[in-house]
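With chain A's structure known, arrange chain B on it following the hints.
So the protein sequences, as listed, match chains A and B. Take the first sequence: its position 187, counting from 1, is numbered 187 in the UniProt record's numbering, and each next residue is one higher. Take the second sequence: its position 209, counting from 1, is numbered 209 in the UniProt record's numbering, and each next residue is one higher.
Hints in this document: simulated from the structure, not taken from any laboratory. Small disclaimer: the values here were computed from a predicted structure and weren't measured. Among the hints, a few may not be true.
Identical chains share a label here; the pair holds if one copy fits it or two copies do between them.
Here are the computed lysine to aspartate or glutamate pairs in the EDC-like style, where the Cα-Cα straight-line distance is at most 20 Å [what the hints assert, rightly or not]:
no.	residue 1	residue 2
1	K248	E138
2	K192	D155
3	K276	E138
4	K260	E138
5	K198	E75
6	K64	D44
7	K192	E75
8	K248	E217
2 protein chains.
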Amino acid sequence: MLTNLTIALDMMGGDYGPRSSIPAAILAVKKYPNLTLLLCGNEDVLRQALQKESHLDHPRLIVKHCEQVVTNNCEPAHALRNKRNSSMRIALELVKSGQAQACVSSGNTGALLSMAHYVLKMLPGIKRPALITSMPTEKKQPVYLLDLGANVLCDPETLFQFAIMGSIVAGEALDKAQPKVSLLNIGAEDIKGHDGIKQAAKLMCECEHLNYQGYCEGSDIFSGKSDVIVCEGFVGNIALKTCEGIAKLIMLKFTNALKKHFFYKVLAFLLRPVIKKLYKKVNPDQYNGASLVGLRGIVVKSHGNASNKAFLAAIDEAVREVNRRIPEKIQTAFERMAKTEEASVSQD
Amino acid sequence: MLTNLTIALDMMGGDYGPRSSIPAAILAVKKYPNLTLLLCGNEDVLRQALQKESHLDHPRLIVKHCEQVVTNNCEPAHALRNKRNSSMRIALELVKSGQAQACVSSGNTGALLSMAHYVLKMLPGIKRPALITSMPTEKKQPVYLLDLGANVLCDPETLFQFAIMGSIVAGEALDKAQPKVSLLNIGAEDIKGHDGIKQAAKLMCECEHLNYQGYCEGSDIFSGKSDVIVCEGFVGNIALKTCEGIAKLIMLKFTNALKKHFFYKVLAFLLRPVIKKLYKKVNPDQYNGASLVGLRGIVVKSHGNASNKAFLAAIDEAVREVNRRIPEKIQTAFERMAKTEEASVSQD
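Next comes chain A alone, as it looks inside the complex (with noise of 0.2 Å):
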């Protein structure tokens, strides 16, 4: 931890903007003293935000000027061909050039998944990138769940790297040698799914390396008996924001019931704090950061309305990233499995 770092931060993205990545920056700066970040957005606008929190000329926080800004409507592809100066794509390049060991962005995710792969590449072997968070379990220890979003449908071959990468994220999180994978589907038995769930299925239960569990249930997810969850990138996104309008649903009828009465409104009042607390920690939308995984570099995607609380919580899991070096551990292990191969070809 000790060791000097620099992450560059897309400010532009988001609903807010520098309204809350500002915040955000100083707060984290303050948290880490061996933290630069280089904050990628309009000069004037920053300058104008970093003046009036009298953070004008800290020595580790450093503007990067940038024209364009990529919003929330705009296509991945348009992105990709018309917003080479934008806060995003600068953030990025600084990633892929050595400038920065990480880069966190809350903007549009499509374009934040486009640029990202065309930037970075992918590490050798992979075939896509994954969108991968944690979430909470009733246990103490998180689940990891990939893919959010990425990659709307997926070969099993991508979903048995999914299954790879995302116990490497795990592991490293949750300090475990051999974190216990499961994989989505509509029901635990062997007969259940569609062929290309089968397959895969069948890959990760022949796969060495991976401490396959079987398939877990929409239920079972947050059970706390696996630690990571792999599934498509359809599923993925829909069971994730699923859980957004449910928790928001859930909420919104508890204290619809609280006012009901006086007597609950008294008890509603008292019990706030509780409430805000727990919709913070079943909402993943609060939640935190969700990371891009098989790419070469660290790319972290804030929610889009995220507060300067949830900013940091994206930065707070770049510095994780940067400490547990999860792109070269995802690259060793894929070279692992490849020599592996390699070597159970050569002898049959």
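Okay, now just chain B, sitting in the frame of chain A:
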């Protein structure tokens, strides 16, 4: 509501068998004076259970002896071939022969789907049956979600047919002439999702009989903006079960948080009725039965671990569907669409 109703119940299914189905049947005949129930299952077991509840000679509780039971781990193909005298099969046969107007089972979902498809057959022009249920929303009216797992993968035409069927079910239930139909996707923009989703969206958009609203994200399922949300079975099952999982997690975290201090413990005790009521409201598991639509008959699937009340809720649902004549209305709609299509073809 005054005409006589007859519903066949599979008494042996689910985790509790007659322990929940007998009390539910007794509650149902008390609730509906015009309802006769055909209780399919082992005669000795059922008579003994009825006697225990002092309802052995109730004139509207008629035992139909069945020698076999479809267990939870029985494969659908095996059930279809070898369980012709099971309570599940007999209940379906009673619907087919017209002796019952609907059937309810809390048994093995896969087996029920296969048997119902085989025994009752599809309505003309409909490709696949779908499992549909209502879920709570932020507004007063629920939303109808289909398919929940009857079809793992679906082609665009099948998703389109689900939209039509869902629209009829929701229209009748919510008393709306033009229920709002959305397609579940990983983003609201047109460019989001895979080809199958985009093709299904095109079919829905072009259909004059549908009030199609566009894509809906997972986080928007419970907003109350849509009356019907369409997805393929894999995705619907994951969404539904993820809700069960997160609802359970939230309740657990909430009660744990309340246990931490004596003050909150007292509050928790006072709040018990509100929490209990809320859990029932938002946990789809507890909500009610799911129905199979698209078949020549009414089949309601109650959850496997349904309590007396939950099984009664499934009987309630069957009663409502008989009164609403859902299968006839679906048939009429598809016939009308086929005629419109023929007319437009002959005009061309």
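* Asked: Is it within a copy, between copies, both, or neither that the alpha carbon of K192 lies no farther than 20 Å from that of D155?
  -> Both: 17 Å inside a copy, 19 Å across copies.
* Is it within, between, both, or neither for K260 and E138, if the alpha carbons may be no more than 20 Å apart? -> between (30 Å within a copy, 16 Å between copies)
* **K276 and E138: within-copy, between-copy, both or neither at 20 Å Cα** => both (18 Å within a copy, 19 Å between copies)
* State whether the alpha carbon distance between K198 and E75 is at most 20 Å within one copy, between copies, both, or neither. => Cα proximity of K198 and E75: across copies only (16 Å, versus 34 Å in one copy).
* To do: Up to 20 Å between alpha-carbons, please classify K248 paired with E217: within, between, both or neither.
  => between (22 Å within a copy, 14 Å between copies)
* How would you label the pair K248, E138 (within, between, both, or neither) given a Cα cut-off of 20 Å? -> Classified as both: same-chain Cα gap 19 Å, cross-chain 9 Å, threshold 20 Å.
* **K192 and E75: within-copy, between-copy, both or neither at 20 Å Cα** => between (36 Å within a copy, 10 Å between copies)
* Check K64 against D44 for me: Cα-Cα at most 20 Å, and say if that holds within a copy, between copies, both or neither. => Classified as within; 11 Å inside a copy, 81 Å across copies.
When held up to the earlier numbered hints, the structure conflicts with none and fits them all.
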